[in-house]
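Construct the complete structure from the given sequences, taking the supplied hints into account.
Here is what each chain is made of, one letter per residue.
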Amino acid sequence: CQKDLLTPKPTTDIPDWEAFTLKERIANEATGLYTVMKNGKFLGGKVLIANDVRGADFVNLTTNNVTLNASWKMTAVGESQEIKEIWSQGYMAINNVNVFLAGMAAKGNAVVGDSLSKIYAGDAKFVRGLSYFSLLQLFARPYWDGAGSKLGLVLFWEPHTKLGDYSRARSTVKETYAQIIRDLDSAETLLPKLTAATRFAANKGNAYSAIALKMKVYLQMGQYDKVLTEGAKLIAGSGPFTSPGGYALEADVKNLYIPKYAGKEAVIYMPFGASPGDFPGTQTQLGYYYSPASVGGNAEYALSPAGIMGDPNWVAGDARRQFILPVGARSFLVKYSGPSPYLDFSPVLRWAEVLLIQAEAKVRVSNTVDPTAIALLNAVHGRSDPGTVFTPASFANADKLIEVILREKHIELLGEGNRAMEIIRLGIPFPGKSATVLEVKPTAPNYIWPISSDELVYNKLAVDNQ
Amino acid sequence: HRTVTGKVTDEQGSALPGVSVSLPGGKTGTVTDAKGAFSLSVPSDAKSLRISFVGYEAKSLPITGESLGTIKLTADTKAISEVVVVGYGTQRKREVTGNIASVKGTALANLPVQSFESGLGGRAAGVQITVPNGVVNNPPVFRIRGVNSLSMSAYPLIVIDGVPTFSGDVGATNAPLNPLSSINPADIESIDIAKDAAATAIYGSRAANGVVLVTTKKGKAGRPRVMYDGWVGMTTPNRLPKTLNAQQYIDVKNEALANAGDTRRYEFNKDANGNNIDTKWMDVVYRDKAISQSHSLSVGGGTENTSYYFSAGYTKQEGILKRNDFIRKNLMVNVDQKVGRIFSVGTKVSYSNEASLISGSSGSLEGEAFSSGGLARLAFLTSPIVAPYNNDGTYNTNGGSGIGGAKGGLNVGIYNPKILLDLDHSNTEANHVQGSVYGQLRPWEWLTLRTQYGIDYILMNNDVYANNKNGDGYSANGDATSTYTQYKRWMWTNTAQFDKTFNQHSLSVLLGSEQQRDQRERYGIGRQNQMDPYFNNSEGGWLTDLSRNMLRRENYLLSWFSRLNYNYKEKYFVSGSVRQDQYSAFGEDKKKGTFFSVSAGWEITKEDFWANSKLANVFSTLKLRGSFGKVGNYAGLGDYDALSLYRPVPYGERPSLYFSQAGNPNLGWEVSKKTDIGISYGFLNNRITGELSYYYNNIDGLILFVPQIPSAGIPSTSAIATIPANVGKMYNKGVEFSISAAAVTKKDFTWNTSFNIAYNKNEITELAGALDKIPFVTSSLEQTSVNQVGNPASMIYVVRTNGVDPQTGRRIFVNKAGEEVFYNPIGAVFSYADGKQAPAVGAKDAVAYKNTNPKLIGGFENTFRYRSFELNVLLTYQTGFYVYYGSLAGMKDQRYWNNSVDVLDRWKNPGDVSETPKVVYGDNISNGSSFAISANAFKGDFLKLRTVGLTYILPETALKSIRVSGARVYVRGQNLAILTRYPGPDPEVSSNGNNASGQGIDRNTLGNGRTVTVGLNVNF
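Going down the list, the protein sequences come from chains V and X.
Taking my numbering, the leading residue of the first sequence gets 1, the next gets one more, and so forth.
Taking my numbering, the leading residue of the second sequence gets 1, the next gets one more, and so forth.
Hints are computed from structural coordinates only; laboratory data are not their basis.
Using N, Cα and C, we set each Cβ at its ideal position, and we do this for glycine too.
Keep in mind that a hint or two might mislead.
[Said to hold, decoys possible] Dumping the calculated PhoX-like pairs for lysine-lysine here, alpha-carbon to alpha-carbon at most 25 angstroms:
#1 X/K329 - X/K289
#2 X/K844 - V/K150
#3 X/K35 - X/K72
#4 X/K729 - X/K590
#5 X/K289 - X/K242
#6 X/K836 - V/K9
#7 X/K242 - X/K280
#8 V/K162 - X/K592
#9 X/K316 - X/K220
#10 X/K571 - X/K614
#11 V/K3 - X/K35
#12 X/K569 - X/K500
#13 X/K729 - V/K162
#14 X/K35 - X/K338
#15 X/K59 - X/K72
#16 X/K488 - V/K9
#17 X/K673 - X/K761
#18 V/K460 - X/K729
#19 X/K773 - V/K460
#20 V/K162 - X/K773
#21 X/K592 - V/K460
#22 X/K816 - X/K773
#23 V/K150 - V/K233
#24 V/K441 - V/K150
#25 X/K7 - X/K47
#26 V/K162 - X/K590
#27 V/K460 - X/K844
#28 V/K3 - X/K590
#29 X/K488 - V/K3
#30 V/K9 - X/K590
#31 X/K836 - V/K441
[Said to hold, decoys possible] If you only want the chain X side, here are some residues facing chain V, beta carbon under 8 angstroms, derived:
#32 A260
#33 G524
#34 Q528
#35 L546
#36 M550
#37 E554
#38 L622
#39 L657
#40 S711
Next up, the structure:
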């Protein structure tokens, strides 16, 4: 007999006892923190798609529940595939972080040394903060509802690597935001302050992208003064608004929508590659959902004439209208034009959004027709529609300016995973979409998603929304 | 010493050369010469001689004088019925203390099935075979005495000529490949189904689901016997669902649109002649007649020292789904050779080439139920108002992946099934080699030493193509995958068998050791963006290369085992076996397990008090027996499931590694404790025989893939993360009864009848700690089933419905709290009877609704012979279970989907009483498409006319002149009729294949066909 055959070592995956023994391997695990997060079921696709199709800019064409028809109809339930998938994939990203941090503390820090272990810890917290933030937007009432007192997420910091009872109650929205901010503050300190020359290669977090993300987090919380505190660290000049980290607007908006975009405007993008596992999985790819057949997609969703596409304020000559492709009676969004296997990077946060967040916060804080806000608005708008230049005279009051900034963001980020987040943050209703899909008021239970039914079945301490 | 002489002949008086003549238990012996004569010098105290010859019953003769005269040996025709195959040996039936059901190979030889086990249904008590759908070469659901595992495989262990083989679907395409179909059923001598611990424990950790021992044919001494057997047949689809025609479709959908406040309307499309298009998609997808044929030729023969059997077979069987075929070519050789007096060697080699062919997903295999291209569903879903082709003869597409012909933004279907059927393929070709060699040393009559080395290699090529015009391959501009898979198993078994009889004590002891190693390797390439429509395989012209389906795994099983059989006067029997296994896939300290059985038997008729009573005139045999033992199961466990792993997956073209699997270092066997008590009986000189048994199988430490709280973030690629652990408990208990009778045995007319019935009760008594239920999700999408403490495995798990409100036509759901909730599809509003809005009803309101495990199963077989005619009729039945007819949810779906004719009876006006709610366009909730509902659960009880065979035996006189020693022609019908109230195609169905946690689900599955064959069997 051959006793050693009784303890075979897998040759295609690495067993846990080997995980924190080698410097190179730990470096790969630090990158792997992002890999779990960029899965097509999470930030690599479905989180963005869910946020867009819950809004009113798209029309569902295939009535297929696997491609979020129920979410589009605002009838998604805890058993719906997208809800279960996003919930569990998000938490896998979070637990992967926790397992990594524990493994580093136990073994890995000694292997890689102090300076690298700090950076890796920064990566871990950046990923965890962003993951919690993305889940919170879909599965919890907005912060304004009871000042964060409603049910937030189940928060974990401990690693889960084996069988156990991990039942835990949901924290409040406020507590969840506090955790997100803690993680991102920590990431800001730990991650390197990359320069314009080094920043774009890795598609990982850095001190500046942590700051930018915090601006969005504070915006969702309605804490505009804190948006400005963070913004001050990041946004330099009075136009063209670059950052010390090298972020800047692309001169031509068209340059953003090329496969594998990793230019100056990308703050947080989920990258893909042509190797299996490196591109999003079946029915999670942005291009598959939105592009018509002629552009290599599956035409799951067309643009709705009743959505932002039909807004007369979005002028015909606006360069961003070139991403609307008419096919027969329908119009499709063709921002993601790379064909299968769909390598267009998934845009989680880009510089134009950061500028518009800053603009809105400026107005909200000062409650005036803020000239810097107008300059920020013009920077974004002017790129696509140089003929329209906003001046203080364009706005009767601060509210009008905010309205235009919000519309600008709506147009600019169409199909980039921001719409539902924006709606719930503002506390406005989800518009009706058809004779049977009616308006959803902010007080309605389906204003936000229920949490995963699996969570309710197995976590005896968890309760659903409402 | 003295010399004893004699002559050995057969029954006809012909001399038998080469017959062994020996002293029992001793070395002394000789063989008869060419004239059948022998002369042997024996010690003066020798009392008897043993005369033995292959194919004849051995005789023991008292040495009455120097010449024993002419000794007639009778042919051992009862060999099969008298001997049962047990693990690592054979046993005389009357000595068996375990529960073993035997089925002769002839019962299955020319059935129109792909693999032998598909034909076992109804033939043995307690054996349940469910042919899950009409896709050819799909493994049947195979259960012995109920379902004995939840997360692991519940399939029995299949041992072919001593070598355990692979089972299940081993292919990697939409065409299933059952490795058991590599055996031509015509090559099977016998199948012995071991059910209790006494019979199975020698297989230790793999025995909990029962063990099926298959013995292939060997040559018999005498002149070569040549046999040809062939049949051709036709299969037709049976009980297909009835769907709306174009006019009905337009009426129903337009009513639904109007009810939804939608102003769009469906309208007829015109064909090239200006007529309304009305496509019967069933006719596009199903064959109206599928043709099958099978031919096998065998040669067997032997001498005293050599026996051989060769066979060759060819079969091609078409499924009822177009483009679904199974083709097998097989060869088999069995050779046994004696070398000298104490040594023998032998080999068995079988080779088969099997092709399972299909265009793409039938929607019927495990995990396929909701495939966009699932053909069974497309056949009932696609609107009849569009055609496969445009009027100019081109394929009808919407310019993208879907079917075209929709107007006004209204959909008409998913994919065009005609294009998938014409252009796609998903084929598995297997080269399957099973073989073994053995050497056997028998230095004394009482000792047999044997070594056997066996292999089982399945080398497969999986060839998949999805076209670039329509369907799943569209968005990739064509997609081809080739995957090469190899399953390699070797095993080496060494045994020593001691047999000793003294003073009516008979003792036999087996000692053995065994090693088995499996290696699995798989690699593949996927190619996308075809350069030209000409290409349809991965070797052609493409722009994109992708690696796919990579896998490399191994496991190892190291064992020793022993068995002891003892009987006194063939009246009292005691037996015990023990096996220790060590298996690589378990946790570090859990690799070793010990299994055992003890059993006893009592042949009452041999007691004096009985033999002297009048009862002896009635009973020819009455044996009480009982057994208890502990066996295990790990079938289906992943080779590295105990380990925690990190997986390398690139991140934007950079190396990365993440925590991908949480293992369980404490993972060990599933343990079954089996108790069996039985009586086997024979009346009237064994004209009536049968068995009655009671069993109780207590399964402890069930391995469950314990679902983990999603927020815990345990890694997983499936719907919910799980970690395997030995936590659950379940039992099966039941009673089996069988009776066989030679009811009439006249010269010209005989009637043999046999009947069996088995009652089984299954109950889960514990899941993981406080966790009392684990839902099961069909094809990762629809929650349909639940394993719940206090209930049988795999209950139908649905939201209850209380019909349709006659006043408003709304579906009435019953929520978890038992309250009636009315659903209005407009705005998706749920409300109570008083109009108050209610929380949305959904899968969370599901209850464990009905049992899917049949309470009673069995068969009733009758064979009538009148002169040269033989009529065989087998009925099978199952009762006491429900089936979830999920396809009906689709067939009542109020999106663009075509509907069942049931919808014609829909609610229209206040006061209407209907099973079908008011139709509202877009409504996929009221009829069960969004979550499973009780309105779609039905009783599955059935009685099937499984096979009817009429055989005519050609008269010998007519055959002699053409040198044929026997010939028969036959007509057979398979699945000719079914008596059931189940509304779907067939209550014998499983959308989840052999998965024990999701049985009894009929979701978008292809029905079974009805087959008629004619055949010819000739012996030369």
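Hint-by-hint comparison with the structure:
no. : hint            : in the structure
1   : X/K329 - X/K289 : 23 angstroms, holds
2   : X/K844 - V/K150 : 22 angstroms, holds
3   : X/K35 - X/K72   : 14 angstroms, holds
4   : X/K729 - X/K590 : 19 angstroms, holds
5   : X/K289 - X/K242 : 18 angstroms, holds
6   : X/K836 - V/K9   : 61 angstroms, violated
7   : X/K242 - X/K280 : 10 angstroms, holds
8   : V/K162 - X/K592 : 22 angstroms, holds
9   : X/K316 - X/K220 : 30 angstroms, violated
10  : X/K571 - X/K614 : 19 angstroms, holds
11  : V/K3 - X/K35    : 56 angstroms, violated
12  : X/K569 - X/K500 : 13 angstroms, holds
13  : X/K729 - V/K162 : 21 angstroms, holds
14  : X/K35 - X/K338  : 21 angstroms, holds
15  : X/K59 - X/K72   : 9 angstroms, holds
16  : X/K488 - V/K9   : 18 angstroms, holds
17  : X/K673 - X/K761 : 16 angstroms, holds
18  : V/K460 - X/K729 : 22 angstroms, holds
19  : X/K773 - V/K460 : 13 angstroms, holds
20  : V/K162 - X/K773 : 20 angstroms, holds
21  : X/K592 - V/K460 : 36 angstroms, violated
22  : X/K816 - X/K773 : 15 angstroms, holds
23  : V/K150 - V/K233 : 31 angstroms, violated
24  : V/K441 - V/K150 : 17 angstroms, holds
25  : X/K7 - X/K47    : 18 angstroms, holds
26  : V/K162 - X/K590 : 16 angstroms, holds
27  : V/K460 - X/K844 : 14 angstroms, holds
28  : V/K3 - X/K590   : 15 angstroms, holds
29  : X/K488 - V/K3   : 19 angstroms, holds
30  : V/K9 - X/K590   : 16 angstroms, holds
31  : X/K836 - V/K441 : 18 angstroms, holds
32  : A260            : 5 angstroms, holds
33  : G524            : 10 angstroms, violated
34  : Q528            : 6 angstroms, holds
35  : L546            : 5 angstroms, holds
36  : M550            : 7 angstroms, holds
37  : E554            : 5 angstroms, holds
38  : L622            : 45 angstroms, violated
39  : L657            : 4 angstroms, holds
40  : S711            : 4 angstroms, holds
Of the numbered hints stated above, those contradicted by the structure are hints 6, 9, 11, 21, 23, 33 and 38, listed in ascending order.
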